[in-house]
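> Quick note on numbering: the sequence shown equals residues 1 to 115 in full-length UniProt numbering.
Derived from the structure by calculation, the hints contain no laboratory data.
Treat the hints loosely; a few may be bogus.
[Claimed, not checked] Once the Cα atoms are required to be at most 20 Å apart in a straight line, the calculated SDA-like pairs of lysine to any residue come out as: (1) K73 - Q31; (2) K73 - G45; (3) K73 - L62; (4) K73 - H46; (5) K73 - Q33; (6) K73 - L18; (7) K73 - T99; (8) K73 - D40; (9) K73 - G94; (10) K73 - L100; (11) K73 - R47; (12) K73 - L34; (13) K73 - E44; (14) K73 - C87; (15) K73 - R89; (16) K73 - D95; (17) K73 - F49; (18) K73 - Q36; (19) K73 - E90; (20) K73 - V92.
[Stated by the list, open to error] Ranges between beta-carbon positions, derived for each pair: (21) A14 - S63: 32 to 38 Å; (22) E90 - A12: 24 to 30 Å; (23) D103 - L10: 18 to 24 Å; (24) E60 - G114: 35 to 41 Å; (25) G112 - T25: 29 to 35 Å; (26) A76 - V5: 29 to 35 Å; (27) D74 - A14: 17 to 23 Å; (28) C109 - R32: 31 to 37 Å; (29) P75 - G24: 27 to 33 Å; (30) A28 - R113: 34 to 40 Å; (31) G65 - P96: 16 to 22 Å.
Predicted model, so just to flag it, every value in this text is computed and none were measured.
Built from N, CA and C at the ideal position, the CB exists for glycine as well.
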Amino acid sequence: MEITVIRMRLLAEAPFRLWMAVSGTLGATTQRQLRQRLHDQVDEGHREFFLDLQELRCAEGLSDGELRALFPKDPAVRFHLIGAPECIRECVAGDPAFTLYADPESAWCQWGRGA
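With the hints as extra help, turn the sequences into a complete structure.
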């Protein structure tokens, strides 16, 4: 049995915004942990998330529905995904709530503007 681990680190916080780094393997167990953390943060009033996913891997077998469920469906919430794995990029493609970045530098510029 494979044990999957995920690590979520808060790197910066501003009113209504969070910058988090997520690393490890996103699998059946860990996707529930990440989903809960994001939903809890929305419940606490955060509306904009900068998620550094450069060190995140997706386990095989995760459906698009499971991946979409990670992100709260609140029209006021925006996600800035940095270095997201291909399966996540494909899942959110075309959704205006998501902005994709290849590296942290361009996302950091957006953070500095108060996005």
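> Please go over all the hints and tell whether each is borne out by the structure.
The hints, checked one at a time:
no. : hint                   : in the structure
1   : K73 - Q31              : 16 Å, holds
2   : K73 - G45              : 14 Å, holds
3   : K73 - L62              : 19 Å, holds
4   : K73 - H46              : 13 Å, holds
5   : K73 - Q33              : 17 Å, holds
6   : K73 - L18              : 17 Å, holds
7   : K73 - T99              : 15 Å, holds
8   : K73 - D40              : 13 Å, holds
9   : K73 - G94              : 15 Å, holds
10  : K73 - L100             : 18 Å, holds
11  : K73 - R47              : 11 Å, holds
12  : K73 - L34              : 15 Å, holds
13  : K73 - E44              : 15 Å, holds
14  : K73 - C87              : 19 Å, holds
15  : K73 - R89              : 17 Å, holds
16  : K73 - D95              : 11 Å, holds
17  : K73 - F49              : 13 Å, holds
18  : K73 - Q36              : 13 Å, holds
19  : K73 - E90              : 17 Å, holds
20  : K73 - V92              : 12 Å, holds
21  : A14 - S63: 32 to 38 Å  : 33 Å, holds
22  : E90 - A12: 24 to 30 Å  : 27 Å, holds
23  : D103 - L10: 18 to 24 Å : 20 Å, holds
24  : E60 - G114: 35 to 41 Å : 39 Å, holds
25  : G112 - T25: 29 to 35 Å : 31 Å, holds
26  : A76 - V5: 29 to 35 Å   : 32 Å, holds
27  : D74 - A14: 17 to 23 Å  : 18 Å, holds
28  : C109 - R32: 31 to 37 Å : 33 Å, holds
29  : P75 - G24: 27 to 33 Å  : 30 Å, holds
30  : A28 - R113: 34 to 40 Å : 37 Å, holds
31  : G65 - P96: 16 to 22 Å  : 20 Å, holds
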